[in-house]
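Please model the complete structure; the sequences and the hints are all you need to start from.
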Amino acid sequence: MVEQVVLIVAGALALVSALGVVIMPNAVYSALMLLLNLVSLATLFLMLHAQFMFAAQLVVYAGAILVLFLFVVTLLNPQGENILRDKRRLQQAGTISMGLFMGCLLVGALLYAFTNGNQPVLAASVTSPNSTYGTVEDFGKALFTQFLLPFELTSLLLLVALIGAVVLGKRK
Amino acid sequence: MSSITIAMVVSALVFTIGACGVLLRRNPLVQFMSIELMLNAVNLAFISFGGANGSAEGQVFVLMVLTVAAAEAVIGLGIIVAMFRRRRRMDVDDIKVMEG
Amino acid sequence: MSFLTNTLLQISTAKPSFSGDDLYRILPELIVLVMAVLIVILDLFLPKRSRPALGYLAIAGYVAALVATASLFYYGNPNKTSFSGMFIRDDFSSFFEIIFLISGILVVLVTPSYSLKRGIPIGETYAIQAFSVLGMMIVGASGDLMAIFVGIELTSICSYILTGFARNDPGSAEGSLKYFLLGIFATAILVYGMTWTFGMTGSTNLVAISQSIQRNGLATDPGLTLGMLLMVVGFGFKIAAVPFHLWTPDAYEGAPTPVAAFMSVGPKAAGFAALLRVLIQGLPELAAQWSVIIAVLAVLTMTLGNVVAIAQTSVKRMLAYSSIAHTGYIMVGLAAYANTSSPERQNDAISSVLIYSLIYVFMNMGAFAILIYVQNRQGGPDVDDFDGLGTWAPGIALAMAFCLLSLTGIPPTGGFLGKFYVFRAAIDNGYTWLAIVGVLNSAVSAFFYLRIIYTMYFNPLKDEARAKLQPTKTGFITAGVVVICIAILLLGIFPDPALNLARDGANPLIYVVRATSGS
Numbered sequence: 000m001v002e003q004v005v006l007i008v009a010g011a012l013a014l015v016s017a018l019g020v021v022i023m024p025n026a027v028y029s030a031l032m033l034l035l036n037l038v039s040l041a042t043l044f045l046m047l048h049a050q051f052m053f054a055a056q057l058v059v060y061a062g063a064i065l066v067l068f069l070f071v072v073t074l075l076n077p078q079g080e081n082i083l084r085d086k087r088r089l090q091q092a093g094t095i096s097m098g099l100f101m102g103c104l105l106v107g108a109l110l111y112a113f114t115n116g117n118q119p120v121l122a123a124s125v126t127s128p129n130s131t132y133g134t135v136e137d138f139g140k141a142l143f144t145q146f147l148l149p150f151e152l153t154s155l156l157l158l159v160a161l162i163g164a165v166v167l168g169k170r171k
Numbered sequence: 000m001s002s003i004t005i006a007m008v009v010s011a012l013v014f015t016i017g018a019c020g021v022l023l024r025r026n027p028l029v030q031f032m033s034i035e036l037m038l039n040a041v042n043l044a045f046i047s048f049g050g051a052n053g054s055a056e057g058q059v060f061v062l063m064v065l066t067v068a069a070a071e072a073v074i075g076l077g078i079i080v081a082m083f084r085r086r087r088r089m090d091v092d093d094i095k096v097m098e099g
Numbered sequence: 000m001s002f003l004t005n006t007l008l009q010i011s012t013a014k015p016s017f018s019g020d021d022l023y024r025i026l027p028e029l030i031v032l033v034m035a036v037l038i039v040i041l042d043l044f045l046p047k048r049s050r051p052a053l054g055y056l057a058i059a060g061y062v063a064a065l066v067a068t069a070s071l072f073y074y075g076n077p078n079k080t081s082f083s084g085m086f087i088r089d090d091f092s093s094f095f096e097i098i099f100l101i102s103g104i105l106v107v108l109v110t111p112s113y114s115l116k117r118g119i120p121i122g123e124t125y126a127i128q129a130f131s132v133l134g135m136m137i138v139g140a141s142g143d144l145m146a147i148f149v150g151i152e153l154t155s156i157c158s159y160i161l162t163g164f165a166r167n168d169p170g171s172a173e174g175s176l177k178y179f180l181l182g183i184f185a186t187a188i189l190v191y192g193m194t195w196t197f198g199m200t201g202s203t204n205l206v207a208i209s210q211s212i213q214r215n216g217l218a219t220d221p222g223l224t225l226g227m228l229l230m231v232v233g234f235g236f237k238i239a240a241v242p243f244h245l246w247t248p249d250a251y252e253g254a255p256t257p258v259a260a261f262m263s264v265g266p267k268a269a270g271f272a273a274l275l276r277v278l279i280q281g282l283p284e285l286a287a288q289w290s291v292i293i294a295v296l297a298v299l300t301m302t303l304g305n306v307v308a309i310a311q312t313s314v315k316r317m318l319a320y321s322s323i324a325h326t327g328y329i330m331v332g333l334a335a336y337a338n339t340s341s342p343e344r345q346n347d348a349i350s351s352v353l354i355y356s357l358i359y360v361f362m363n364m365g366a367f368a369i370l371i372y373v374q375n376r377q378g379g380p381d382v383d384d385f386d387g388l389g390t391w392a393p394g395i396a397l398a399m400a401f402c403l404l405s406l407t408g409i410p411p412t413g414g415f416l417g418k419f420y421v422f423r424a425a426i427d428n429g430y431t432w433l434a435i436v437g438v439l440n441s442a443v444s445a446f447f448y449l450r451i452i453y454t455m456y457f458n459p460l461k462d463e464a465r466a467k468l469q470p471t472k473t474g475f476i477t478a479g480v481v482v483i484c485i486a487i488l489l490l491g492i493f494p495d496p497a498l499n500l501a502r503d504g505a506n507p508l509i510y511v512v513r514a515t516s517g518s
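Residue numbers (numbering that gives the first Met the number 0), protein chains in the order written: chain R, 0 to 171; chain F, 0 to 99; chain L, 0 to 518.
Some hints here could point you the wrong way.
Stated by the list, open to error - Quick list of in silico lysine-lysine cross-link-like pairs, PhoX-like style, CA-CA up to 20 Å:
#: 1; chain 1: R; residue 1: Lys169; chain 2: L; residue 2: Lys116
#: 2; chain 1: L; residue 1: Lys47; chain 2: R; residue 2: Lys169
#: 3; chain 1: L; residue 1: Lys467; chain 2: L; residue 2: Lys116
#: 4; chain 1: L; residue 1: Lys472; chain 2: L; residue 2: Lys47
#: 5; chain 1: L; residue 1: Lys116; chain 2: L; residue 2: Lys472
#: 6; chain 1: L; residue 1: Lys47; chain 2: L; residue 2: Lys116
In case anyone wonders, no lab produced these hints; they're calculated from the structure.
Note that this is a predicted model, so its numbers are computed, not measured.
Okay, structure coming up:
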């Protein structure tokens, strides 16, 4: 019961903060809203028994990526932009209605997938994940045996990003 | 509703909000943040689907998305800083990212 | 203490997650990796003026990898998966490896004269290009959504960086910002589609996905259809299909021209490799749905690319739109796959995509190489800068005319054969209307390709422009152009060896599909 409450509160917070990122006129507030969103999503990870990803989300996203964002926002100090007072009403209406349509489509497909009996893949274990699911041991085993190749490739990804950042950021 | 269903619905809505943010905002930094929202929604979806399947695949995929997001943040913010170092003020109307 | 010994015991008795065979099958990728890392390290220690020599190292690396691919191909690809299904060494991956390595070699040939003139760091350019080629090779050989995702992101991130490399040019930063934002927007959509596919089928392995779809009767499942749609949108961005092409003209225009040349062939071919792997190997049961979408996108892509290209005054922008149009022609071959169940016809369709991708690498790279030459001499990328090229650089003008005729699709060039195979596959498989649209589009494209040929031979070079002609080093570019012209001519006159290679390359996909469907 407590779990359900935490889940719903975290989910609601995630939605509100996501809206905040989009609506806030000041980019600093947007970044702070993004932080709130990341933390509430991390809470959802924990409720879904993904302990390791909970920690990784906090350390990598909230700890590293978001700090970088805040740093750049304060460095560049962009002017405010209030989309609630924007003149392009027609374009906005189009975007929002498209968004509503997409949201309905996604949620509809989801509810269909989870309620329809033809979903053996999902229905099999929705009720009881096995006991080792989500532990660091289980995760590490999968990462370093079955998914070794993509894991090694991510190191190249970071190396390339490093070289690129040095070249792009270098003054002449 | 099971907890996985709730998480999936949250993920679908956050993804939609993020996509709308990319199209509505014109500040490249905030557009970038909206894309981060979308990637986070993807992470949540992977973890909930992975939980439903009971396999670790979903979580491993999340780690990949996380790494890609980190690399992209470094590159993207590098590009943005390189671009606006030349101009004093960030005048977003100059770059019409969404127009062909 | 006992914890430590236990852990050590566990480590020492654990089965290794890969074997020597796995490393042997991934040999071409390893060679490119070693070469790229060597370039990064040597670049730090070499004095500035000897850095261009790194180009020889890059070419040596690509050629060595090409030899490794060829020998694996020659001794019979085992058609086996390595690294727990992540990596597939089959004829399909070998064919795409050849495409990627050739585009890597050609881009090294066209890069130095342009980059040195404009102060673009050359060592880093070679290194990042090599990492990009590595990412593409992984995409072509991956048997799992996760490997496809990481590989395609490696390629894309390299492209974002390379686009922003011309730091003296404000257009470069703007182009790369636009490319970057739209690119990662597409990535988010792509990976969300992968989530749905994973959620509905319970696996990220392509073969397991297609098996799960059959076993559980998911062919008409709305969630899976949604996943497929999202993935097609995501890959559509990567291959620059209309209406997901918005980034293309600005990114190409802002990027250094050699980078634009590279982006128009390498990452595009990688996008097609990923599309083929995902749609044909992973989602063959949904073929009826995706083939219609691909066909509609192909019509839009061909038509918009060609019509807008007519209005361009910059040759660089024109080539950007022309590369969009060629994406459309290749998509015709992909759409043709789905309408038939006979393996021969399916092979026709897939092999037409493969052979077109190969020919396209040569002809598009050739047109860009000559644009780079003209930019080095004249400074600008406009149609006017080609005035009288036939008089002041007759050999280069002849090569340009040859590449442009090939892009138009006029025999006896390779471009004609590419179009011929693609359209024949479409007609054979009941997409006659698509082939007709394609032929009409080729006729439209003749307008802007032939206009450049007209400019080169019939517009005189103005005297003030002649006075401003700058000297340029031509060694590498000339070598590249000669190789390209010979390749286009050979592919046009003796297509059989390449065609057989493409037919072999197409087989594994059909073989896998048939094996999983138990027929």
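Hint check:
1. Restraint check: the Cα-Cα separation between Lys169 (chain R) and Lys116 (chain L) comes to about 19 Å, which is no more than 20 Å; the hinted pair holds.
2. Proximity of Lys47 (chain L) to Lys169 (chain R) is assessed by CA-CA distance (about 16 Å); at most 20 Å being required, the pair is judged to hold.
3. With a C-alpha separation of about 16 Å, the suggested pairing of Lys467 (chain L) with Lys116 (chain L) holds against the 20 Å cut-off.
4. Taking the CA atoms of Lys472 (chain L) and Lys47 (chain L), the gap is about 18 Å. The hint holds against a cut of 20 Å.
5. Annotation: proposed proximity of Lys116 (chain L) to Lys472 (chain L) holds, straight-line Cα distance about 10 Å (limit 20 Å).
6. Among the hinted pairs, Lys47 (chain L) with Lys116 (chain L) is consistent with the structure: their alpha-carbon atoms are about 14 Å apart, no more than 20 Å.
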